[in-house]
Amino acid sequence: MKPFDYVEIRVPAKPQYVGVARLTISGLASRIGFTYDDIEDLKIASSEAITNAVQHAYNEADGGEIVVGCALYPDKIEIMVADHGKSFNFEETKEKVGPYNEQQEVQFLREGGLGLYLIETLMDEVKVHHQEGVTVFMTKYVEEKRVEDNVENISS
Amino acid sequence: MKPFDYVEIRVPAKPQYVGVARLTISGLASRIGFTYDDIEDLKIASSEAITNAVQHAYNEADGGEIVVGCALYPDKIEIMVADHGKSFNFEETKEKVGPYNEQQEVQFLREGGLGLYLIETLMDEVKVHHQEGVTVFMTKYVEEKRVEDNVENISS
Amino acid sequence: MSEYKKWKKFMNGVYLMNIEVVLKEEENFLKAFIGGEIDVLTAPILREKLTSVQLKEGMHAELNLSDVSYMDSTGLGVIVAFFKNINAKNGHVKLTGLSARLKRLFDITGLGEIMDIETDVKVEKNYETI
Amino acid sequence: MSEYKKWKKFMNGVYLMNIEVVLKEEENFLKAFIGGEIDVLTAPILREKLTSVQLKEGMHAELNLSDVSYMDSTGLGVIVAFFKNINAKNGHVKLTGLSARLKRLFDITGLGEIMDIETDVKVEKNYETI
Ligand SMILES: Nc1ncnc2c1ncn2[C@@H]1O[C@H](COP(=O)(O)OP(=O)(O)O)[C@@H](O)[C@H]1O
Ligand SMILES: Nc1ncnc2c1ncn2[C@@H]1O[C@H](COP(=O)(O)OP(=O)(O)O)[C@@H](O)[C@H]1O
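Residue numbers (this note's numbering), protein chains in the order written: chain P, 4 to 159; chain F, 4 to 159; chain B, 8 to 137; chain X, 8 to 137.
Hint data in this document are derived by calculation from the structure and do not stem from the laboratory. It is possible that some hints are incorrect.
[Said to hold, decoys possible] Coverage of chain F stretches by chain B, computed from C-beta distances (three or more under 8 Å per stretch; other residues unrestricted):
#, region
1, 17-24
2, 40-48
3, 99-105
Here the structure is a predicted model, which is why all the values come from computation and not from measurement. Cβ atoms here follow ideal geometry from the backbone N, Cα and C, with glycine treated the same way.
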């Protein structure tokens with residue numbers, strides 16, 4: 004038997020489907036015993052990746068698709084968000100985006116450029132592939148304690 | 004442009020994923036303005052089809068998959084539930100299952116055999132294909148009034 | 008709200024493994040409070056709880072379904088099985104607290120005519136007695 | 008519960024197109040109550056509401072986020088834009104009612120150090136004053 008369960012959801016690259024994908028992911032994450040806070044992190048990180056595909060991957064008329072794949076292990080979830088639109092250079096982009104710092108003058112604050120940073124901060128492992136579109140791989144581990152609690156809940 | 008949006012979710016044929024698929028479907032259905040009651044009908048009908056795939060399609064060890072495809076139109080939703088497991092004769096089975104009737108003696112009441120009947124009752128159109136597994140196609144229309152309400156809500 | 012409470016609330020929110028069955032047995036009476044979602048995942052839990060009941064001759068059982076937020080044919084199957092078991096002992100089963108939606112599920116399937124069902128329609132009842 | 012209320016409750020339950028923005032403008036003060044989920048679908052609605060505000064010199068604006076159940080970078084972007092606009096007019100923006108989770112989002116992104124944020128931590132505060 005495979006050591007994990009695989010669930011996939013495919014949605015049109017449109018804003019109205021980001022919430023549906025987020026709902027599906029949070030439903031899945033709760034099945035393997037993530038804490039409330041960790042599920043909130045997973046919701047944000049995956050929404051950021053899906054939102055990027057909605058906003059940057061395709062031209063308006065394209066009508067592209069986003070594939071969200073989730074591999075569920077007893078102690079972790081791997082989420083893959085893939086589009087087949089424009090590529091971009093992840094390492095180069097990372098230099099230009101990221102958190103704000105205190106010294107910045109308000110009038111020069113960026114409006115945006117937090118998505119990739121949030122994904123990297125909220126997930127335990129992140130990889131980005133950019134060939135024929137963009138694929139973001141992200142992993143989050145269930146806290147030790149939670150795994151035990153969860154096993155208890157299931158067996159009781 | 005296509006006249007509809009297509010969303011697909013693929014889950015392992017296991018009981019714990021029926022609720023996740025149901026959640027996704029209800030999220031989608033609410034987007035196109037179904038009433039609360041109609042969404043409850045959609046949830047039951049699609050859960051029945053997915054549950055059948057979980058219970059009847061595969062042998063325990065198979066580890067099969069269920070594909071749920073949803074085509075979203077402004078005035079209807081088409082849901083397709085497909086497995087690649089055992090086939091069965093729909094017309095023949097329909098003869099043997101269905102609602103209870105008042106005259107039945109309690110001791111002879113069937114425990115089960117209501118799933119297909121509920122799908123047919125709760126949806127507007129149902130077709131079943133059974134080649135290389137089973138595929139249930141079901142359609143439900145948004146009530147006239149709701150379509151207008153929905154358009155109003157979106158534009159307001 | 009404690010971490011656990013938030014967690015539980017969340018779990019309920021997303022409808023996962025969301026069932027609660029509380030049994031009260033007293034002499035010849037059984038009252039079961041059933042809450043949450045009854046589907047292919049949770050129906051076996053309900054079945055197990057209900058088959059744990061010590062059946063007695065002429066037993067009166069009440070299944071209170073007022074907190075059931077979702078139910079499909081897997082739940083009906085468990086209830087029919089329980090109904091048959093109690094009936095075989097000349098007992099009686101009453102379903103109470105059903106929402107209009109849940110009542111409809113029993114009606115469509117023909118069980119509404121076979122079983123003793125009490126709907127949770129306080130408002131409508133008041134209107135009738137006025 | 009009316010059909011509409013049930014519907015609304017359901018919509019909220021599944022987190023779809025779930026945003027509410029109420030503005031109160033009075034002389035130099037603006038108070039905005041924001042509720043629901045702020046994501047790529049709903050952020051434009053918030054942006055539109057906030058840009059509808061007539062900006063005044065030295066304006067005091069408060070964004071109450073206590074009913075925000077979900078927010079990501081799309082919401083941060085809108086708030087930063089509003090903050091910049093008010094700032095350009097020598098005004099002040101205060102964010103109030105943030106849950107610990109929401110506060111964390113501002114902190115991680117560095118906005119916690121830049122903006123005036125008041126957390127909704129009544130319980131913790133009480134402990135401190137005892
Ligand atoms: N899926 C994608 N397809 C194409 N470009 C992308 C994708 N994801 C991110 N990018 C690029 O990386 C940049 C930074 O992304 P992000 O940190 O999420 O901030 P934002 O989306 O607000 O610009 C984007 O502006 C875009 O140029
Ligand atoms: N996806 C499926 N794969 C194989 N057999 C199926 C499938 N769906 C339904 N069936 C057959 O049709 C019968 C009737 O199904 P249904 O009306 O849902 O009642 P139940 O599942 O309770 O038996 C099942 O017992 C099964 O033999």
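Results for each hint:
no. : hint   : in the structure
1   : 17-24  : holds (count 5)
2   : 40-48  : holds (count 4)
3   : 99-105 : holds (count 4)
Comparing the model with each numbered hint stated earlier shows that all of them hold.
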